[in-house]
Each structure stands twice: as C-alpha cells, then as structure tokens.
Amino acid sequence: MYAQLRSDLDGDAENLPASQVGKALRVTGTLDTEGELYVHGTVTGRINALRLILGTHGSVEGDVVAREVHIEGRLSGRVFALNVIVESTASVTGRIFHNTVTVAKGAHVDGRMPWRPPSYFETLTQLPETRP
Amino acid sequence: MSMFTRNDKGPDPAGTKAPEKKDAPLTGATGPVATATVEPNRPRAMAQPLAGGTAPTGASVISRALKITGQLESSEDIEIQGQVEGDVRAASVRVGQGAKVHGTVYGEEVELAGTVDGKIEARKVVLTASAHMSGDVVHQDISIQSGAYISGHLKPEYGKTESNVQPLHKREGE
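Line order of the protein sequences matches chains A and D. Heads up: the first sequence runs through residues 1 to 132, numbered per the working numbering. Heads up: the second sequence runs through residues 1 to 174, numbered per the working numbering.
Hints may contain errors.
[Said to hold, decoys possible] Not everything, but these chain A residues come out facing chain D in the computed CB check (under 10 Å):
| no. | residue |
| --- | --- |
| 1 | Pro17 |
| 2 | Ala24 |
| 3 | Thr33 |
| 4 | Gly45 |
[Stated by the list, open to error] So the derived label-pair ranges between C-beta atoms look like this:
| no. | chain 1 | residue 1 | chain 2 | residue 2 | range |
| --- | --- | --- | --- | --- | --- |
| 5 | D | Ser151 | A | Asn99 | 26 to 36 Å |
| 6 | A | Glu61 | D | Glu157 | 35 to 45 Å |
| 7 | A | Trp115 | D | Ser75 | 37 to 47 Å |
| 8 | A | Pro117 | D | Glu109 | 43 to 53 Å |
| 9 | A | Pro114 | D | Ser151 | 49 to 59 Å |
| 10 | A | Pro117 | D | Asp141 | 42 to 52 Å |
| 11 | A | Gly106 | D | Gly159 | 40 to 50 Å |
| 12 | D | Glu76 | A | Ser76 | 20 to 30 Å |
| 13 | D | Gly152 | A | Arg116 | 44 to 54 Å |
| 14 | D | Leu154 | A | Thr44 | 30 to 40 Å |
| 15 | D | Tyr149 | A | Arg26 | 26 to 36 Å |
| 16 | A | Pro118 | D | Pro156 | 53 to 63 Å |
| 17 | A | Asp110 | D | Ser75 | 46 to 56 Å |
| 18 | D | Ser146 | A | Arg26 | 54 to 64 Å |
Simulated from the structure, these hints should not be mistaken for laboratory data. Just so you know, even glycine gets a beta-carbon here, dropped at the ideal spot from N, CA and C.
Bound-form chain D, shown alone (with noise of 0.2 Å):
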C-alpha cells in the first residue's frame, strides 16, 4: 500500500486503521480497505495549519486593533473590543469596555460595556456600569448597572412596532 503513497512515514497511524479492522474483520486483506478510505494527505504549503486551530470558528471577535466601516451581519454572537462605523445584528452582540459602535446595534441580547453613538434594538439590553449610551434603546428587558450613561430615550416596544428589523431567530407564539 506505501508504495502508492508519497507519503515516506511509514505504515498508516494505528488510529487510522483501527475501526477499518472493526468493521471488516473476516476480510484478510484489510490494508487496501483501509487506505481507500484514509484520505491521502492534501499537500500544504506550510507545516502547520494556521486556520481552524484551536480557536472555534463560530464566534466572531473584532479585537481592539480592528476598525470596521460597513455592516456585521450574523446568526451568531458577535464580541466588539474595537471600532464599528455602521449597524451590527447578530444574535447576541457584546460590545465591550473601550469598543466603540457608531450605527445601529440589532440583537436578541446585547450587553453594553463600551460606546454605541446611534440606537440599541434588542429584546434584552444589558448596560453594564462603564456603558456610554447615546441614543435610543429598544428593548423588552433592560438592566442598567449604575454608572452607565444613557442619553437617549428608553423604549419597551421590541417587538411590538413594525421596524426593518427581521428576526434572527422566530419566537415561539407569534
């Protein structure tokens, strides 16, 4: 079987062979088995992979050193540290202390510990004690710690007028 293989490590890991073994065991010849479902080793450029390592690649985080100018869109959470220019909508949206968010913040949760310069729309809204609000909140379920700034208009009607704004996720009962 190496012998179709560039591949000069020698016989295949014991792991990859294993359930092979399992799943065949009358068969004699269970090397040729094995390697046609081993996918041969896709050839990298660079030793060790830098993308999908340890890090999940679901969540989204712009760090500090970010700047953004646009729109964010996802169905899952998003972390700001660092600069948005534009509206964000995700599930659950944390804006953290020193991030700054100018434009609209569109969530199921969002938790605020840093700027927003524009409007919060979201079922339940944290504002946490270093939180600068300036703008409108949109809400169903508010909790400010004391501390936070808020200028702006608090409005319990999320969900209860029409807006532009498309659930990520339908509520049951509606």
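Just chain A, same shape as in the assembly (with noise of 0.2 Å):
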C-alpha cells in the first residue's frame, strides 16, 4: 500500500472514491482504505488511509496512520503522518509523528509531536507496533 502512498496525491487517489463516516455512524475496529476518509461521526480503533479528514464533530480514538491528516475535530491516539494539519477546532491528545506540522492558534494539542523524516513514513508498517 505505501508503494501507493508515494505516488502524488493528486495520482491514484482521486481515482478512488472517497468514504465518509456519516455523524450519526460510530466504528469500532480498523478502517483501511487507500483513499481518502471523512469522519464526521465516532471511530474507535485504528485508521489507515490516504488522507484522513476528521470533521469538526467527528471523533476518533486510535491509531492513525495516513500520508495526510486533516484534524478539525477531537482526536485520541497516535497519529503518524506525513503532513498534519490541525485547525483551530481540534483537540487532540497523544502523539503526533509527522514530518510537517500545521497547527492553527486556538487548537488544543496535548502531547508531542515528534518529527520524522519522510523514509520514516515510507518505511511504517500498515500496523506500528513500535511504541516510539
């Protein structure tokens, strides 16, 4: 699958559907896709994707494992991603391993955000087991 993720963004992934975790659906497991993820609802579990964008009301508690994460909403867990976005709205609480980092002013980070060079996340396993 990361053979894929290298590739542009702009490459397979506009191909492939996106998915969307309606406000009303709540997840408990893995979610996998190697496209893009919505969450507006409630995800309890790992996530891998492409590109991860939790909404303002979405909530997710887990792992996260993405090239790209988006974080509008509240977030529990680890995140490892190559670009991380967090705006004004989120909250988030864990680690956050990334290689470029935006947080907008007002958002609340609890936690670290380690950075990593771009093999690190080429090289990541579809399930880190590691606990840096």
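Starting from the two chains in their separate frames, assemble the complex, guided by the hints.
Structure, rendered in structure tokens:
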C-alpha cells in the first residue's frame, strides 16, 4: 500500500471514491482505505488511509496512519502522517509523528509532536507496533 | 471597529451587518453592535475547508476503497460499496454491487446488490438481481429480483421472535 502512497496525491487517490463516516455512525474496529476518509462520526480503533479528514464533530480514538491528516475534531491516540494540519477547532491528545505540521491558533494539543524524516513514513508498516 | 480586528479585508460584508440594522434601526452606532455578534474569524491552518464541505455529513459511505473490520452502528443510513468484516446496524443499509459484508446486517430497510455472508435481519429486505446472499434472512417484507442468489432460509419473523436486535426506531402500536 505504501508503494501507492508514495505516488502523488493527485494520482491514485483521485480515482478512488472517498469514504465518509457520517455523524450518526459509530465504528468500532479497523478502517483500511487507500483513498480519502472523512470522519464526522465516531471511530474507535485504527485508521489506515491515504488522507484522513476529521470533521468538527468527528471523534477518533485510536491510532491513525496516513499520508495526510487534517484534524478539525477530537482525536485521542497516535498520528503517523507526513503532513498534519490541526485546525483551531481541534482537540488532540496523544503524539503526532509528522514531517510537517501546521497548528492553528486556538487548537488544543496535549502531547508531543515528534518530527520524523520522510523515509520513516515510507517504511512505516501498516500497523505500527513500535511505541517510540 | 476595524482597529480591533486583524482582518485587513476592509469593511464587513454587507450580509453580516444587514440583520443587525433591521433589529436596531434607531441606535446610532450600529457598528459596535454588529461586531459584537459577528464571530471573529477563527484562524485557519488551511485556506479552504476540507471537511464540512458540500457533502452532507449525516450519510455514511463506505466506498469500494475502504475495508472495515469491526462493527458499524448508526441511527441513519449507511451505503456500503466496500468491504465490512463485522456487523452493521443502521436505519437503512444499502449494500452496493461489488460490496461484501461478512457478518450480520440489521436494519429497518436493507437493500442488497452485493454480497452478504452471514445474516440479514430487517423489516424490509430487497434483494436485487446482483445480490448474493449466503445465510438466513429474517424479514417482514421481502422482494427478490430475478437473478438474486440466496443460500439460506427466509424467515418472516422480524419483530416476532426474541432477538438481540434493539430497534432503532420504536414502532407505533407496540
């Protein structure tokens, strides 16, 4: 999967339809997609996606592995992503492993944000079992 | 008023001020009143919002690129085009062509055009021509199109037998 992730976002991702967890939906388990995932509901578990967009009312509890993560809602857990954007409405508890991160003024971030080189994310397995 | 905001775009758009003027036409200083109600622009990390865009946030779509291992619970509709390993519970579930569900699908209405390996428990069940159903169907009202594959029992017992299904909407007269 990560061979595909390395290709440009405009490439494969655009051909794959985006998935959406609606605000009334609660998912317990693992979500695995090679495309975009919008979360407006509640997810408890792990998310593997090319790109995760966590909406204002969305809530994720668990680890997220993606190339790009856009957080507007609540997230509790670890994030492994090349690019991370934390909006002002976001509330994040946990660690954000990133290569580039943007945090808007007003965002609640409780945790560390360790920087990693791009190669770290390319070699990252789908299910990071290490607890660095 | 603009001295308190860091917004250099100039005067407020007319749309934000107009309602205030209607509410308090006699007060001379409409400006400060308007600014008190207009929420200051929250700083954004990105120029255009990605979430909360044009798509309605209520409906859920499991696209063909998504695989879920676990349970899904919703009080609204779910459309499944991808794969689900686990149980699905929603008001209305549509399993699209090419989609696969391995588990039980509970709902008021279930429309199946893909594959379900497990069980369907719904008041109204529609099996389209491309449906592939392996397992029992507990229903009250069922429609089966020509070409649908069914391996299992059809039981018109939805709502009659004790089950662990908790109805999402309590039906009248019960």
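* Has the hinted range 26 to 36 Å been met by the Cβ atoms of Ser151 (chain D) and Asn99 (chain A)? -> 50 Å, violated
* **Beta-carbon spacing of Gly152 (chain D) to Arg116 (chain A) - inside the hinted bounds 44 to 54 Å or not** => 50 Å, holds
* Is it true that the C-beta distance of Tyr149 (chain D) to Arg26 (chain A) lies inside 26 to 36 Å, as the hint says? -> 31 Å, holds
* Satisfaction of the Gly45 (chain A) interface hint, Cβ to chain D closer than 10 Å -> 6 Å, holds
* Is the hint on Ala24 (chain A) kept, meaning its closest Cβ partner in chain D is under 10 Å away? -> 4 Å, holds
* Taking the beta carbons of Pro114 (chain A) and Ser151 (chain D), is their distance inside 49 to 59 Å? -> Roughly 52 Å apart at Cβ, these two residues keep to the hinted range, so it holds.
* **Assessment of proposed distance window 43 to 53 Å (beta carbons of Pro117 (chain A), Glu109 (chain D))** => 50 Å, holds
* Is the distance from the Cβ of Glu76 (chain D) to the Cβ of Ser76 (chain A) consistent with 20 to 30 Å? -> 24 Å, holds
* Honestly, do Gly106 (chain A) and Gly159 (chain D) meet the 40 to 50 Å range at C-beta? -> 49 Å, holds
* With a cut-off of 10 Å on the beta carbons, see whether Pro17 (chain A) makes it to chain D. => Because about 4 Å separates Pro17 (chain A) from the closest Cβ in chain D, which is inside the 10 Å limit, the hint holds.
* Do the beta carbons of Pro117 (chain A) and Asp141 (chain D) sit within 42 to 52 Å of each other? -> Hint violated: Cβ distance 59 Å, outside 42 to 52 Å.
* Does the Cβ pair Asp110 (chain A), Ser75 (chain D) satisfy 46 to 56 Å? -> Given range 46 to 56 Å: violated, Cβ gap about 31 Å.
Against the hints set out earlier in the document, violations occur for numbers 5, 10, 17, 18.
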